[in-house]
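Order-wise, the sequence lines are chains W and V. Numbered per our numbering, the first sequence spans residues 1 to 257. Numbered per our numbering, the second sequence spans residues 1 to 382.
Please keep in mind that the hints were generated in silico from the structure rather than gathered at the bench. Mixed in with the good hints, there may be bad ones.
As the list claims (entries may be wrong) - With a cut-off of at most 27 Å between alpha-carbon atoms, the simulated DSS-like pairs for lysine-lysine come out as follows: (1) W/K232 / W/K11; (2) W/K117 / V/K83; (3) W/K117 / V/K118; (4) W/K241 / W/K11; (5) V/K84 / V/K45; (6) V/K128 / V/K118; (7) W/K57 / W/K11; (8) W/K117 / V/K45; (9) V/K77 / W/K117; (10) W/K117 / W/K58.
To be verified - To spell it out: a stretch of chain V is covered by chain W in this simulated footprint if at least three of its residues, at any positions, have a beta carbon under 8 Å from a beta carbon of chain W; those stretches are: (11) 67-79; (12) 86-97; (13) 340-348.
Positions of the beta carbon are idealized from the N, C-alpha and C atoms, including for glycine.
Residue-level listing of the chains:
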Amino acid sequence: MDETEPQIVIKGLDMGYGSFVLMRNLNFTVNRGDIFIIMGGSGCGKSTLMKILIGLKKPLRGQVLYGDLSFWDADPDEQERVMRRFGVLYQSGALFSSMTLAENVALPLEQYTDMSKSQISSMVSLKLALVGLAGFEEFYPSEISGGMQKRAGLARAMALDPDILFFDEPSAGLDPVSARLLDDLILELRASLGTTFVVVTHELASIFAIGNNSVYLDVDSRTMTASGDPKKLLAQSSDPKVRKFLTRGEESAHVQA
Amino acid sequence: MQVAEKVLVGAGLSFSRPTDDFMVIHLAGNWERGQILPNPDETLKVIESASLRTLSFDASGLAAWDSNLLTFLIRIKERCNEKKVEYRDDGLPDGARRLLVLALAVPERKGARRELRKESFFVTAGEKAEQFAASAGEVFDFLGEAFVSIIRFLGGRASFRRVDLFLFLQETGSQALPIVSLISMLVGLILAFVGAIQLKTFGAQIYVADLVGIAMVRVMGAIMTGIIVAGRTGASYAAQLGTMQVNEEIDALKTLGISPMEFLVLPRMVALTLMMPLLCVYADIMGIFGGLIVGVVMLDLNPVVYLNETKAALSLTNVWIGLFHSAVFGVIIALSGCLRGIQCGRSASAVGYATTSAVVTSIVCIIVATAIITILCNVLGI
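So here's chain W without its partners, still in its complex pose (with noise of 0.2 Å):
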């Protein structure tokens, strides 16, 4: 990916919870065809940030821009336009638990597209193929395990092949195979659809394999302390914290020694 077009950009955003500032000042921007990483200790604000960016918690000031759209500025019809290009992975998958897998994943298919039944059910198991649960279409959320769930959940997200799919946590719960495959899917999606992709992570191998582009949020400081290329930043940044974060604390030791 040579051309680096802005998909969306964040100004001078304050996030919180009431009069409580939780994260402030926050600039950047996740180009076209970005696997951008927000990265940071527990308790940060990773996922209050990506709430903010798929339009389910208002900022406290600042800018959220899709294209040349604010989209905290934005009615709701506009709004809604924009969260139509969107793929949520919620952590722990959210799927609709009084429905089949099946059922879950054409529900979008059957809101937004004129596609016939045979048509719905044979991309249901294509995207369910796709996160390695072929053949669980007619089982129930609460009858697989939790990392199948939120494979499932995935294929819900990817089922309108959105233009920005936003991950929180994919990999927690997964097993290292899995957890590999997923990372495999993200890249194998970027490079044939041009899929951007905002993920919310502390996966180290994860964070490398995947990602070109990313914030770290810090939470003393409460603002974005670094941000850029993970492997980039591995190697330069002379953050002790951000390299504190990379290195799995081991740099750190080093130091103080």
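Assemble chain V onto chain W, guided by the hints.
Below, chain V without anything else, positioned relative to chain W:
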């Protein structure tokens, strides 16, 4: 060489057969959602035609594609495998080829796919009977455990948080007062109206006081409070415990060595059994007050006369019977609410089912218990 050309808006599909056993599928145009896409069945029919050995693709005219192309290709590939036709994918776009590999990377797990089974009537009936026996067993288990925990509670050895108990007392007791006031006053009012119409024809209006007083105190106050509390508190108990089951909180308690029965069920049960009789007394008073309003406003009775008549009509036995009803109802509501909550499955819809089932069970049991107590009182002559 045969060429079958199909003109379509957006997505293009055509076949060419350089030799008799070799076919090339030409993909062209825009294979994306929202376009008119070719029906795969027609292509499959062409593949099935005899003597085809090799299938290849030409995607040079393909402008754009998404998963819709992939579902089309998967159908073709599956059919090729069935018909032993060689499937050459080197003409496809790289991305599509790799995604297909990914889609077929994890083979379908054996036995995962389910077939709809049709059971005969006898099998279904037998299974239902077994399920019923099993669930009856669960109910008795639950009752037994509840009984044991009460014994431990009376012995002061039950482990639960005192704070919880007071919280439940407040929730089930004082916070239910507004709705109990409204409902029981209206019931008193209704009873008085119904009675007044009949009694007026005999000039015996004053007996409205007897009617309302005895009916409310002996049974109606208890039943109305029971139904309100079943809907209000019983349902909330089932939902609380059900959600705890879903969140694995109950498993966590068990692994900590704390009995969910004592920690969760006991305080709820004690709170309800203590509060129900108190709520019932309050409901009785509100009901009599409702009757008084009708008596004074509609029948021109003197309030003091009305109250004196009520006092004369009521015996202490009636009050005891009413209180006994309400204590029984309290136990019933607490048990069925907690039982359904503990039995709850592990999904959001299971919590909904548990709540509904708790309310239905309590109300049915309340009515059945009322009938039994009434018949017993009749037999015993109280």
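Results of checking the hints against the structure:
no.: 1; hint: W/K232 / W/K11; result: 23 Å, holds
no.: 2; hint: W/K117 / V/K83; result: 26 Å, holds
no.: 3; hint: W/K117 / V/K118; result: 24 Å, holds
no.: 4; hint: W/K241 / W/K11; result: 24 Å, holds
no.: 5; hint: V/K84 / V/K45; result: 15 Å, holds
no.: 6; hint: V/K128 / V/K118; result: 15 Å, holds
no.: 7; hint: W/K57 / W/K11; result: 16 Å, holds
no.: 8; hint: W/K117 / V/K45; result: 20 Å, holds
no.: 9; hint: V/K77 / W/K117; result: 21 Å, holds
no.: 10; hint: W/K117 / W/K58; result: 37 Å, violated
no.: 11; hint: 67-79; result: holds (count 6)
no.: 12; hint: 86-97; result: holds (count 4)
no.: 13; hint: 340-348; result: holds (count 4)
Hint compliance for this structure: hint 10 alone is broken.
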